[in-house]
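Residue numbers (our numbering), protein chains in the order written: chain A, 1 to 493; chain B, 1001 to 1617.
To be clear, the hints were calculated from the coordinates, so they are not data collected in a lab.
Glycine included, C-beta positions come from ideal geometry on N, C-alpha and C.
Worth double-checking, as some hints may not be accurate.
Distance windows between CB atoms, simulated [to be verified]:
(1) B:G1615 x A:D261: 18 to 26 Å
(2) A:R441 x B:V1607: 13 to 21 Å
(3) B:L1616 x A:R441: 52 to 60 Å
(4) B:L1595 x A:D261: 36 to 44 Å
(5) B:V1213 x A:L390: 27 to 35 Å
(6) B:T1062 x A:L471: 20 to 28 Å
(7) A:L6 x B:F1020: 55 to 63 Å
(8) B:V1607 x A:R30: 46 to 54 Å
(9) B:S1075 x A:L6: 39 to 47 Å
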Amino acid sequence: MSNTELVALLPLISFATVITIVLLAIPFWRNLKGICALSVVGLLISLATILWTTRIVPIQVTPLVLIDQYALLFMTLICLATVAVALLAYDYLKEREGQQEEFYLLLLLAALGAIVLVCSSHFASFLLGLELLGISLYALISFPIRGQATLEAALKYLILSGVASAFLLFGTALIFAALGTLSFNEMVQGFYVDVGSNRLYVMVGSALMLAGICFKLSLVPFHMWTPDVYEGAPAPVTAFVATVSKGAIFAILLRFFIWTDAYQYESILFGLGIIAVLSMLAGNLLALMQSSVKRILAYSSIAHLGYLLVAFIAGRLAGGAALAVEAASYFLVAYFITTLGAFGVVSIMSNGNRERDLDDIASYEGLFSRRPFLATAFTAMLLSLAGIPLTVGFVGKFYIFAAGVQGALASYGWSLLVALIIGSGIGLYYYLRIVFAMTKRPAATDSAATEWITIPVAGGWVMLTLTGTLLALGVYPTPLIELINSMVRSLPL
Amino acid sequence: MLDLVWLVPIFPLAGFLILFTTIGKLPQPIAAAVGAGSVGLAAVVAFSAGYVFLADGMSPLTVTLYTWMNVGDFSPGLSFYVDGLTLIMMFVITGVGFLIHVYSTTNRAVFIDDEHHSRFFAYMNLFVCAMLLLVMGDNLLLLYMGWEGVGLCSYLLIGFWHDDPANGAAARKAFVVTRIGDTAMALGLFLLFLNFRTLEIQPLMAKASGTWVLGSPTLAAFLILGGAVGKSAQLPLQTWLPDAMAGPTPVSALIHAATMVTAGVYLIARTHELFLLAPVAQTAVALVGVITLLMAACTALVQTDIKRILAFSTISQIGYMFLALGVSAWSSGIFHLMTHAFFKALLFLGAGAVIFSLHHEHNILKMGGLRKRLPVAFWSFLIGSAALAAFPFTSGFYSKEPILMQAFEVSPWLWAGGLLGAFITAIYSFRLVFIVFFGEMRTEPIEPTGLSGTPWAMAIPLLILCVLAITGGWWGEPQVAAVFPEVSGEHHAGATAYITSGVPLVGIVLAYLIFLDGRLKVTALTESSLGKVLHDFWFSHWAMDWLYNALFVSPFKWVTAFNKKDILVDSIYDGTAATAAYVHTLLSQTQTGVLRFYAASMALGLVVLVAVVLGLT
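Generate the whole structure from the sequences, applying the supplied hints.
If you want it as structure tokens, here you go:
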């Protein structure tokens, strides 16, 4: 392995080093604040190595890993999101009973899994990253153990995730049987097969693989676990599941389709189209009358991944891949910021040693008069989820529309756009419902219930940064657009 | 220096934000200083920019602050386009706007307490900012934002005294009627974007002569004309402006005389390439102008409310601007826009002083003999009316004359209509002066304070406007010729020119004979049955409100009354909501929380997915 290749692997190496240090520190140093600080510093160092690496990309390191601008962009996103989750989790954990330091070990392992995912160019590294991410998540979801709900959530996720992994592995096996390779680069020649039994293997294999991935992305009809797990998991972990886990898996899905030219299979895209329409409609409809904020956000994330698929499908067109990557990347950044912010509010509301997270919509009534900062931040997040102009979510959704219109104009049908518009319309209702609840004047007796909420230092800064970024990128998105554009130009499209 | 033009709208915006966030907390003098100061600073920057622009040889310039986003063909930016036309508009908005703001700082102009004071200046500043965005915007999006922004401020300020439901009704009327025009304009802008895939106005106009995928230049021009007649109160959407006088007088001066109502003129001038491609639409502009100016002038002749007279006169004068645009006298139209801003602001502010002195009396028949008691208001009115009537060597004379001469080149009929309008204008404007300031005193003005009843902050803007109303035309047409194509043909000197200049004088003499001297009795005419009918007809503005009530409002009310239970329309919305809720109930039954069911759903999904993938192959 040459020096350059080693430098290219620096982000992964630095991540692994940080994890080892944290692992060794915990037995001797039971100090939540210290371990949290150690993890955050480690994450920031890894971030620095990512920026350092940008000079030598793209570079293929062994058949397993491809470090290019695409991978680095998503690594950066994952690192930053993990920092936010780590800080939110500190406030969340510090007043709870028991020993909480291991949380950070699991969080870093999960993030490492996500990072391996986004830079993998081979099914081996793909599955390695996926399972590293998944197994860490099972433990994170039930962390800290407090009653039946978290355990139930973790167990459901464990079992269903196992089913999905089985789909995925079987699909991979079928593709391997047909093509004799697991490397994305080598598949590009043979993936699009015209005739014969190989074609059957590839198609069924792809369908199985997609089903597994759709589970992780919580797309209809593989979405059932989402609300239960979101509700049961601690709010910071929910934020992680919703952003890092899904973002990384979407990134690898897009990479796989572009690298292997799987876009040529009309029928696979048609299947994805159905899944997208179902997700946009069912996700938004399911959220409509919910009373739990976490469940609302869970269903909303189902719908959002449906929107993302619209951009994904537009990549099929000649020359559409560039717009698809651009739109999906921007949308994912917007989705990361907004979802982290929304769950951040829930997390701050649920600080202290309580058994359940405070996610009942009634608990948010009158938040504007009691905690104006928190309520304003939450409103900004919800408006961004709804795609209101001058938030980052608007620009993201505008991208999806642009990609979708281009897809529709190229005689791909308007059904995706129609579902997108109807879904967005329904979405407004339940986002505004939360805002409306927050503006309500609470009854005098109720106010005692949440009177004690204090805005912690770390969480406060995270929320301030997220809200600021949300507005800044909504008003002036050009720098990010240019960054993404330069990434897209470096791809072999 | 020119790179800094973006500061011009920023100052009023900052003023708005300061005033709006501190409503009721700032003491009156500070609020006034912020309100007037912000516009003053904007004016300083605008005028310096204008100086540099002239010194630099007047080459148009685009100043881009930043591009909002760049997705496909859609790349709207916060960028300003500065050329002669933009600068003239900026001068009028910030210059006249500043004078009106200073005038408003006196308590008596607005007569309100602290909270109202802040609110008033906040809205006024927001208006100035929106109006500047409208004229400076380099792309349609910014133009539209400014367009809607001024509409919003107009609504807020007409209904400023919202305790009286009548004012709220007037504000609503203005909003709804202009909305009809706005809708047409939005469609026009969509059409332009659809065809040429750019939002920037200059490239768009350059491309307009190319092939149209959908629609035609004529259709687009007519849609834009629809927006222009709404905002500029021209036929058939002029009915809102007289009612808009419910707002405070400085509002009428700034928004409903000097600036906002001329936005339609600006819009057509800005898109003149499009109108040149659509001769039918351009002729329609001229016709709209002539008919409106005649209708409004006749109406102004018989009104008795001082502000309504001025309102109809505004409609009529904007009609001249439309006539100018319709006959390709682009520069003259903009010239008249500028001089009109001077003398009409002067008249409104003078009227404000009169109305205040007479305890909110609006009826001119109850006024009289105020010449000695209110000298500042008198001179303002005299000069303003002279300019309005195009009395030789006043600003209005220099701007109206070339419009009529160019109209004569295009069609003697347009010229004749404009000339008749000028004749009536002279009569009604001096009727106003003679009745209010001469003759016997019918209402005693309140005790004079300061400069003969007018405080300095009021007198100085009036004085400056007086000077502008006289001299505003002495230097010829503003330097906007570079923006517009050459006007073809030479003007005939001689008979036509003399008639054009002479007719207003005849009108003034006639007004003198009828309303002051009394030598000419018109009672026989007004007492006759035909005269009465005509008087009532004109008094009601050609029964337009009645007509619209009968044609649109009453049927609409009937439909709403018929549909009181909202079975018809609401069932669509209620049905949608009920369906959504029902589907939600159905779907949420699938979220049982039972693990084996979830796994089954995944397996089923997989089976269907495989079937779809294989079945379609």
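**Request:** Run the structure past the numbered hints and jot down the numbers of the failing ones, going up.
**Result:** Violated: hint 2 alone.
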